[in-house]
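Asks: Input sequences plus hints: build the corresponding full structure.
The opening residue of the sequence shown carries number 1 in this note's numbering; numbering runs sequentially from there.
By construction, these hints were calculated from the structure, which means they are not laboratory data.
The beta carbon of each residue, even a glycine, is placed where N, CA and C say it ideally should be.
You may find that some hints are simply not true.
[To be verified] Simulated DEER-style distance windows between Cβ atoms:
{"hint": "1", "residue 1": "A111", "residue 2": "E234", "range": "43 to 51 Å"}
{"hint": "2", "residue 1": "G245", "residue 2": "E222", "range": "13 to 21 Å"}
{"hint": "3", "residue 1": "E166", "residue 2": "R214", "range": "42 to 50 Å"}
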Amino acid sequence: MVFWTSLLVGVGLSGISPASPEVMDPGSGPTVGPAPAAVAAVAAFEGAAPAAEVAARSGFLTGLEIIPAGDRTEVVLGLEGEVETRDFTMEGPDRIVVDLLGARSELAAEAFRALDRGGIREIRATHVGEDVVRVTLEMEALVGYAVLSGPGYVRISLENLWDRFEPWRAEASAPAPNFGPGNGNAGAVAAAGDPVGRSRAPSWAGVRSDDLSRRITVSFSETPLREVLFTFSEFSGRSIIPGAGITGNVSAEIRDQPWDIALQAILESQGLAAEE
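Replies: Below is the structure:
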(Lines of atoms letter the chains of each structure in order from A; the text may use other names.)
(Lines give C-alpha, C1' and ligand atoms only; values in the text may rest on other atoms or scores of the structure.)
Protein backbone atom coordinates (compact mmCIF):
# COMPACT_ATOMS: atom_id res chain seq x y z
CA MET A 1 0.00 0.00 0.00
CA VAL A 2 1.31 3.45 -0.87
CA PHE A 3 0.88 6.16 1.73
CA TRP A 4 1.21 9.89 1.16
CA THR A 5 3.29 11.47 3.87
CA SER A 6 3.77 14.90 2.37
CA LEU A 7 2.81 16.94 -0.67
CA LEU A 8 4.98 19.84 -1.79
CA VAL A 9 3.30 22.38 -4.02
CA GLY A 10 5.27 25.12 -5.72
CA VAL A 11 4.86 28.53 -7.19
CA GLY A 12 3.74 29.32 -10.71
CA LEU A 13 -0.03 29.49 -10.30
CA SER A 14 -0.60 32.35 -12.72
CA GLY A 15 -1.12 30.14 -15.77
CA ILE A 16 -4.06 27.76 -15.39
CA SER A 17 -4.12 25.29 -18.26
CA PRO A 18 -6.56 22.37 -18.66
CA ALA A 19 -5.16 18.94 -18.00
CA SER A 20 -5.46 16.81 -21.14
CA PRO A 21 -6.81 13.24 -20.73
CA GLU A 22 -4.16 12.11 -23.22
CA VAL A 23 -1.44 13.32 -20.85
CA MET A 24 -3.04 12.08 -17.62
CA ASP A 25 -2.67 8.71 -18.43
CA PRO A 26 -0.51 8.54 -10.36
CA GLY A 27 -0.50 7.78 5.56
CA SER A 28 -0.82 10.65 7.18
CA GLY A 29 0.23 14.21 7.81
CA PRO A 30 1.08 15.50 4.31
CA THR A 31 2.30 19.11 4.06
CA VAL A 32 2.37 21.48 1.13
CA GLY A 33 5.02 24.09 0.33
CA PRO A 34 7.07 25.70 -2.46
CA ALA A 35 8.73 23.54 -5.10
CA PRO A 36 10.39 24.08 -8.52
CA ALA A 37 8.48 24.53 -11.76
CA ALA A 38 6.50 21.66 -13.22
CA VAL A 39 7.98 18.97 -15.42
CA ALA A 40 6.98 19.02 -19.07
CA ALA A 41 7.80 15.96 -21.16
CA VAL A 42 9.57 16.89 -24.40
CA ALA A 43 8.19 14.75 -27.23
CA ALA A 44 10.70 15.44 -29.99
CA PHE A 45 13.02 13.38 -32.11
CA GLU A 46 16.21 15.39 -31.85
CA GLY A 47 19.84 15.11 -30.83
CA ALA A 48 21.22 14.68 -27.35
CA ALA A 49 21.48 17.52 -24.86
CA PRO A 50 24.53 19.81 -25.16
CA ALA A 51 27.69 18.19 -23.82
CA ALA A 52 28.11 20.71 -21.01
CA GLU A 53 24.54 20.11 -19.83
CA VAL A 54 24.86 16.32 -19.95
CA ALA A 55 28.26 16.37 -18.28
CA ALA A 56 26.69 17.99 -15.23
CA ARG A 57 24.68 14.81 -14.61
CA SER A 58 25.71 11.22 -14.12
CA GLY A 59 23.01 8.58 -13.82
CA PHE A 60 22.71 4.84 -14.31
CA LEU A 61 19.85 2.67 -15.56
CA THR A 62 19.91 -0.22 -13.09
CA GLY A 63 16.55 -1.93 -13.39
CA LEU A 64 13.63 -2.53 -15.72
CA GLU A 65 10.17 -3.84 -14.82
CA ILE A 66 6.87 -4.42 -16.60
CA ILE A 67 3.92 -4.43 -14.20
CA PRO A 68 0.19 -5.00 -14.88
CA ALA A 69 -1.96 -2.26 -13.33
CA GLY A 70 -5.65 -2.68 -14.03
CA ASP A 71 -6.12 -1.80 -17.69
CA ARG A 72 -2.70 -0.18 -17.88
CA THR A 73 0.82 -1.44 -18.40
CA GLU A 74 3.49 0.16 -16.22
CA VAL A 75 7.14 0.10 -17.34
CA VAL A 76 9.38 1.19 -14.45
CA LEU A 77 12.99 2.15 -15.15
CA GLY A 78 15.10 1.92 -11.98
CA LEU A 79 17.78 4.61 -11.69
CA GLU A 80 20.81 5.55 -9.65
CA GLY A 81 21.94 9.15 -9.86
CA GLU A 82 20.36 11.91 -11.90
CA VAL A 83 19.03 11.96 -15.45
CA GLU A 84 16.65 13.95 -17.63
CA THR A 85 14.07 12.55 -20.04
CA ARG A 86 12.51 13.18 -23.42
CA ASP A 87 10.07 10.96 -25.29
CA PHE A 88 8.60 10.49 -28.75
CA THR A 89 6.91 7.84 -30.91
CA MET A 90 7.89 6.21 -34.20
CA GLU A 91 6.12 4.01 -36.73
CA GLY A 92 7.17 1.04 -38.87
CA PRO A 93 7.24 -0.75 -36.45
CA ASP A 94 5.28 1.11 -33.78
CA ARG A 95 7.62 2.28 -31.03
CA ILE A 96 7.54 4.44 -27.92
CA VAL A 97 10.97 5.89 -27.20
CA VAL A 98 12.21 7.44 -23.96
CA ASP A 99 15.70 8.95 -23.88
CA LEU A 100 17.52 9.14 -20.55
CA LEU A 101 19.87 12.12 -20.86
CA GLY A 102 23.06 12.00 -18.83
CA ALA A 103 22.80 8.25 -18.25
CA ARG A 104 24.62 4.96 -18.74
CA SER A 105 22.95 1.55 -18.80
CA GLU A 106 23.97 -1.05 -16.23
CA LEU A 107 21.47 -3.64 -17.47
CA ALA A 108 22.73 -7.13 -18.23
CA ALA A 109 21.61 -6.90 -21.87
CA GLU A 110 20.67 -4.30 -24.47
CA ALA A 111 17.64 -6.12 -25.88
CA PHE A 112 14.85 -8.07 -24.19
CA ARG A 113 12.86 -9.84 -26.87
CA ALA A 114 9.63 -11.86 -27.05
CA LEU A 115 8.24 -10.18 -23.92
CA ASP A 116 4.64 -10.07 -25.20
CA ARG A 117 3.28 -8.29 -22.15
CA GLY A 118 0.68 -5.52 -22.17
CA GLY A 119 1.17 -4.78 -25.86
CA ILE A 120 4.98 -4.66 -25.56
CA ARG A 121 6.80 -7.00 -27.94
CA GLU A 122 10.32 -6.14 -26.85
CA ILE A 123 12.37 -3.50 -25.04
CA ARG A 124 15.80 -2.22 -26.02
CA ALA A 125 18.09 -0.05 -23.90
CA THR A 126 20.94 1.19 -26.07
CA HIS A 127 23.51 3.97 -25.81
CA VAL A 128 23.09 6.89 -28.20
CA GLY A 129 26.33 8.78 -27.88
CA GLU A 130 28.26 8.79 -24.62
CA ASP A 131 25.64 9.90 -22.13
CA VAL A 132 22.23 9.05 -23.54
CA VAL A 133 20.42 5.75 -23.00
CA ARG A 134 17.56 5.21 -25.44
CA VAL A 135 14.82 2.95 -24.10
CA THR A 136 12.69 1.70 -26.99
CA LEU A 137 9.40 -0.10 -26.46
CA GLU A 138 8.41 -1.98 -29.60
CA MET A 139 4.62 -2.18 -29.47
CA GLU A 140 1.83 -4.24 -31.00
CA ALA A 141 0.28 -0.84 -31.75
CA LEU A 142 0.77 2.73 -30.56
CA VAL A 143 -1.35 3.56 -27.50
CA GLY A 144 -1.78 6.50 -25.18
CA TYR A 145 1.02 6.84 -22.66
CA ALA A 146 2.56 9.15 -20.07
CA VAL A 147 6.15 9.43 -18.84
CA LEU A 148 6.39 10.13 -15.10
CA SER A 149 9.63 10.86 -13.25
CA GLY A 150 10.69 10.80 -9.63
CA PRO A 151 13.64 10.07 -7.33
CA GLY A 152 15.10 6.76 -8.44
CA TYR A 153 12.77 5.99 -11.34
CA VAL A 154 11.16 6.89 -14.62
CA ARG A 155 7.75 5.30 -15.18
CA ILE A 156 6.12 4.81 -18.58
CA SER A 157 2.38 4.31 -18.13
CA LEU A 158 0.66 2.74 -21.15
CA GLU A 159 -2.90 1.91 -22.08
CA ASN A 160 -3.24 -1.88 -22.09
CA LEU A 161 -5.64 -3.04 -24.78
CA TRP A 162 -4.52 -6.65 -24.41
CA ASP A 163 -4.89 -9.48 -21.89
CA ARG A 164 -3.50 -9.44 -18.37
CA PHE A 165 0.03 -10.69 -17.98
CA GLU A 166 2.61 -11.74 -15.41
CA PRO A 167 5.07 -9.10 -14.16
CA TRP A 168 8.57 -9.20 -15.62
CA ARG A 169 11.87 -7.79 -14.40
CA ALA A 170 15.44 -7.31 -15.66
CA GLU A 171 18.24 -6.37 -13.31
CA ALA A 172 21.59 -4.65 -13.63
CA SER A 173 24.64 -6.72 -14.52
CA ALA A 174 26.65 -5.15 -11.69
CA PRO A 175 25.96 -2.72 -8.84
CA ALA A 176 25.93 0.91 -9.91
CA PRO A 177 28.39 3.28 -8.21
CA ASN A 178 27.47 4.31 -4.67
CA PHE A 179 26.85 8.02 -4.54
CA GLY A 180 27.41 7.98 -0.79
CA PRO A 181 25.42 9.43 2.11
CA GLY A 182 24.33 13.00 1.98
CA ASN A 183 24.21 13.26 -1.80
CA GLY A 184 20.91 15.05 -2.23
CA ASN A 185 20.89 14.47 -5.97
CA ALA A 186 21.13 10.68 -5.82
CA GLY A 187 18.07 9.24 -7.50
CA ALA A 188 16.67 12.62 -8.50
CA VAL A 189 15.00 12.85 -11.91
CA ALA A 190 14.00 15.91 -13.91
CA ALA A 191 12.58 16.30 -17.41
CA ALA A 192 14.63 17.99 -20.10
CA GLY A 193 14.83 21.73 -19.54
CA ASP A 194 13.88 21.62 -15.85
CA PRO A 195 16.10 22.73 -12.98
CA VAL A 196 18.30 19.95 -11.61
CA GLY A 197 17.17 18.46 -8.32
CA ARG A 198 13.40 18.54 -8.80
CA SER A 199 11.83 15.80 -6.68
CA ARG A 200 8.47 14.08 -7.00
CA ALA A 201 6.57 11.47 -5.06
CA PRO A 202 8.70 8.32 -4.88
CA SER A 203 5.56 6.35 -4.06
CA TRP A 204 4.56 6.74 -7.72
CA ALA A 205 7.46 4.53 -8.82
CA GLY A 206 7.00 1.18 -7.11
CA VAL A 207 3.21 1.14 -7.11
CA ARG A 208 1.42 -2.18 -6.70
CA SER A 209 -1.09 -3.21 -9.32
CA ASP A 210 -4.06 -2.41 -7.08
CA ASP A 211 -2.82 1.14 -6.48
CA LEU A 212 -3.40 2.12 -10.12
CA SER A 213 -6.61 0.19 -10.73
CA ARG A 214 -8.95 2.91 -9.43
CA ARG A 215 -9.86 5.33 -12.18
CA ILE A 216 -11.53 8.71 -11.80
CA THR A 217 -13.85 10.78 -13.99
CA VAL A 218 -14.37 14.35 -12.83
CA SER A 219 -14.58 17.91 -14.17
CA PHE A 220 -13.26 21.11 -12.59
CA SER A 221 -14.22 24.59 -13.76
CA GLU A 222 -12.28 27.36 -12.01
CA THR A 223 -12.34 25.16 -8.91
CA PRO A 224 -10.10 26.29 -6.04
CA LEU A 225 -6.97 24.17 -5.89
CA ARG A 226 -7.65 23.19 -2.27
CA GLU A 227 -11.02 21.74 -3.26
CA VAL A 228 -9.36 19.77 -6.07
CA LEU A 229 -6.84 18.29 -3.62
CA PHE A 230 -9.68 17.43 -1.25
CA THR A 231 -11.52 15.64 -4.07
CA PHE A 232 -8.50 13.45 -4.78
CA SER A 233 -7.94 12.86 -1.07
CA GLU A 234 -11.52 11.63 -0.66
CA PHE A 235 -11.35 9.46 -3.77
CA SER A 236 -7.99 7.84 -3.00
CA GLY A 237 -8.35 7.51 0.77
CA ARG A 238 -5.01 9.27 1.26
CA SER A 239 -4.39 12.36 3.36
CA ILE A 240 -3.34 15.39 1.29
CA ILE A 241 -2.94 18.58 3.34
CA PRO A 242 -2.10 21.82 1.47
CA GLY A 243 0.15 24.28 3.26
CA ALA A 244 -0.32 27.97 3.86
CA GLY A 245 -0.26 30.27 0.87
CA ILE A 246 -1.43 27.72 -1.68
CA THR A 247 -3.96 29.40 -3.97
CA GLY A 248 -5.18 29.23 -7.55
CA ASN A 249 -8.01 27.66 -9.53
CA VAL A 250 -8.14 24.58 -11.73
CA SER A 251 -10.05 24.01 -14.97
CA ALA A 252 -9.72 20.44 -16.21
CA GLU A 253 -11.76 17.51 -17.45
CA ILE A 254 -10.63 14.03 -16.46
CA ARG A 255 -12.19 11.02 -18.14
CA ASP A 256 -11.55 7.52 -16.85
CA GLN A 257 -7.92 8.01 -15.82
CA PRO A 258 -5.90 6.42 -12.98
CA TRP A 259 -6.32 8.84 -10.07
CA ASP A 260 -2.60 9.24 -9.32
CA ILE A 261 -1.67 10.08 -12.91
CA ALA A 262 -4.60 12.50 -13.17
CA LEU A 263 -3.51 14.25 -9.98
CA GLN A 264 0.08 14.49 -11.16
CA ALA A 265 -1.00 16.02 -14.48
CA ILE A 266 -3.10 18.64 -12.66
CA LEU A 267 -0.20 19.51 -10.35
CA GLU A 268 2.14 19.87 -13.31
CA SER A 269 -0.32 22.10 -15.18
CA GLN A 270 -0.21 24.43 -12.18
CA GLY A 271 3.57 24.45 -11.82
CA LEU A 272 3.38 22.23 -8.75
CA ALA A 273 5.31 19.22 -7.48
CA ALA A 274 4.60 16.38 -5.08
CA GLU A 275 7.06 14.68 -2.77
CA GLU A 276 6.61 11.92 -0.22
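Asks: In ascending order, which of the hints set out earlier in this document are inconsistent with the structure?
Replies: Hint 3 alone not satisfied by this model.
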